[in-house]
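Protein chains: 2
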Amino acid sequence: MKKIGKTYIFELPPLIIGSAGVAGKKEGEGPLGDDFDMVFEDTTMGQDSFELAESAMLHDAIIRALESANVSPKDVDFVMTGDLLDQCTGSCFALKDLEMPFIGMYGACSTMALTLCNSAMLVSAGANICVAGASSHFASSERQFRYPLEYGGQRPPTAQWTVTGAGCAVVQNQRNIDPENLQNAVKISAVHIGTITDLGIKDANNMGAAMAPAAARTIADFLHDTQTKPEDYDLILTGDLGLTGSKLLFELLQEDSEIDIETQHKDCGTMIFNLAEQDVNSGGSGCGCSASVFCSHIMKNIKNGTLKKVLFVATGALMSPTSTKQGQSIPGIAHAVLLEK
Amino acid sequence: MKKIGKTYIFELPPLIIGSAGVAGKKEGEGPLGDDFDMVFEDTTMGQDSFELAESAMLHDAIIRALESANVSPKDVDFVMTGDLLDQCTGSCFALKDLEMPFIGMYGACSTMALTLCNSAMLVSAGANICVAGASSHFASSERQFRYPLEYGGQRPPTAQWTVTGAGCAVVQNQRNIDPENLQNAVKISAVHIGTITDLGIKDANNMGAAMAPAAARTIADFLHDTQTKPEDYDLILTGDLGLTGSKLLFELLQEDSEIDIETQHKDCGTMIFNLAEQDVNSGGSGCGCSASVFCSHIMKNIKNGTLKKVLFVATGALMSPTSTKQGQSIPGIAHAVLLEK
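Residue numbers (the UniProt record's numbering), protein chains in the order written: chain Z, 1 to 341; chain L, 1 to 341.
Do not take every clue at face value.
Which copy is meant is left open, because identical chains are indistinguishable; a pair holds if it fits in one copy or across any two.
Dumping the calculated BS3-like pairs for lysine-lysine here, alpha-carbon to alpha-carbon at most 30 Å [unchecked claim]: (1) K229 to K74; (2) K74 to K3; (3) K187 to K2; (4) K202 to K309; (5) K74 to K202; (6) K74 to K6; (7) K308 to K2; (8) K300 to K229; (9) K308 to K74.
Simulated from the structure, these hints should not be mistaken for lab results.
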């Protein structure tokens, strides 16, 4: 891979040969419901806790992604996933019986892009098959980050709704690809690992505002490094800035860099729900938001040719309930992946 | 890099060109006190909380490691660190003002080996300089995982003492190395990402027992993959199995694989404290245990020729207070790095 600025371009792009995005009942009732590879009406997944339900959902997404790529767990060199639960137990318990070498990653809601970036780079280093994924669950997040579900806490309009969902993508080295998989494969042409950006936002009910500066920085840097313009992309997809964060992203890019991405931009957080009807305030959030949307709806549209060149920029708010209670700001990060048919 | 079994051998080994291990007062009073690059008498680090103190300690280790390698933060391609705090805020707040592209990782107490493995592979993919690190803090861990410090909870003999410390290593691509750095550099000859291993241990006061099966598996697999014997190593260094876990490791390796590593084995958790005098029960633990010991004491002994071939196997217990309260077992993992002068 070749470095330009902070962006890495692959001479031999790693390929996504399979993916799956799964989601819960509420997400299934949203605009992308038909595109998910599975919608679980029972979001307990038959488990004893919401935490184990999240693990079960990620486990399901991994199995579906491997099936779609026709890959067995024993052929996977590395699986890298992450989630929002304390000590990343969403991932640890999802992976524990799958017998794949496990790289635990943490990028808050940017995790899907982070694991895709790292997978692509490890393939570039010589690995054959890497698996990237992420998950979140409304019920496990709500009680960990906010209030017990039974409390019914009120939310301001800037708040977002943690998505119950998981996504997983299988990345293979182009050198070893089965010709059968080639025509449906999606190229990872470039990756860009973000730098933490903190403009001092402290409101844990306004993650969009905390993450927008990181997204603006990564997008501006990526366009600068690759000498491209927003018009060169069919889609610039942010993770989960929601309505509030997306508006701030436009303003920041316009003011700081005179870049206008409004025509090309969509946000997984505003796509996954019908904001006018589903009572999710500023939109969806959580690692599972961009993971489930990217690995199902977006991948399907790249594969069928509707989207030819997509810049996927997932964003994360690097806080914890403890750091918020201690009055700390919310550092943001955004990682980018360039995808082409 | 070349794959043999689950082990990756580097044709052109990435080099550790600088490192630093820092620790708290109690660790400074232990047998390795003189080898730490810094011992902080005031483990609050002048911060408002123990969580921020942990971040400040990791920040310090990173700066010292970069200085020892004569590298500026702006020349770092990727920094990857992790810790035990909820949502990895130890790392996020340590890194937030350093302006380096950040890859968040989670491997519980195996994190130092995990970040070293990933750093080496990203260098193998074409990155120039990667920074790997990890931290833990007794006071931030104690109140998050166990009891408020003021409560003075009693511990069984199998319990371990979370190390207040951090370590950081700077890994460079051999192609680009400054000749001045070459003679002090340490080669990363091979890496091995572990697979989660869970034999059903549920006692959160016996992490050694939870992690020993993963360590045994990784060591047996590594020796098998590389067709080597324990005698081929000057040191087989586990992360923080403590007394209990180390004993179980010997038994498991002997029974399952007829491998005897007792002569070559040491454990960071039993090295860092004087177990007879420092009241730490089974020994030290936490990401900062193997990180601070490896990045100071061990690196110094490889550089001065005392140790020529070291297999570093850090171990992690992939649980959270929530998973333990829900009655779940503690999955273990162990990642290995082969280091040579």
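Self-check item: Intra/inter-copy verdict for K202 and K309 if alpha-carbon distance must be at most 30 Å
Solution: neither (35 Å within a copy, 48 Å between copies)
Self-check item: Up to 30 Å CA-CA - K2 versus K187, copy category
Solution: The answer is both: 16 Å in one copy and 23 Å across copies each meet 30 Å.
Quiz prompt | Status of K202 relative to K74 across identical chains (alpha carbons, at most 30 Å) | solution = Classified as between; 27 Å across copies, 44 Å inside a copy.
Quiz item: Is it within, between, both, or neither for K300 and K229, if the alpha carbons may be no more than 30 Å apart?
Solution: The answer is within: 24 Å in one copy meets 30 Å, while 49 Å across copies does not.
Quiz item: From the Cα coordinates, with 30 Å as the cut-off, is the pair K229 and K74 best called within, between, both, or neither?
Solution: Between copies only: 26 Å across chains, 42 Å inside a chain, cut-off 30 Å.
Quiz item: Is it within, between, both, or neither for K74 and K3, if the alpha carbons may be no more than 30 Å apart?
Solution: between (32 Å within a copy, 14 Å between copies)
Self-check item: Intra/inter-copy verdict for K308 and K74 if alpha-carbon distance must be at most 30 Å
Solution: So K308 and K74 fail the 30 Å test inside a copy (32 Å) and across (34 Å) alike.
Practice problem: Could you figure out if K74 and K6 sit no more than 30 Å apart (CA to CA) within one copy, between two copies, both or neither? | Solution: Between copies, since 11 Å is at most 30 Å while 34 Å is not.
Self-check item: 30 Å Cα threshold - placement of K2 relative to K308
Solution: within (22 Å within a copy, 34 Å between copies)
Hints 4 and 9 from the earlier list are contradicted by this structure; the remaining hints agree with it.
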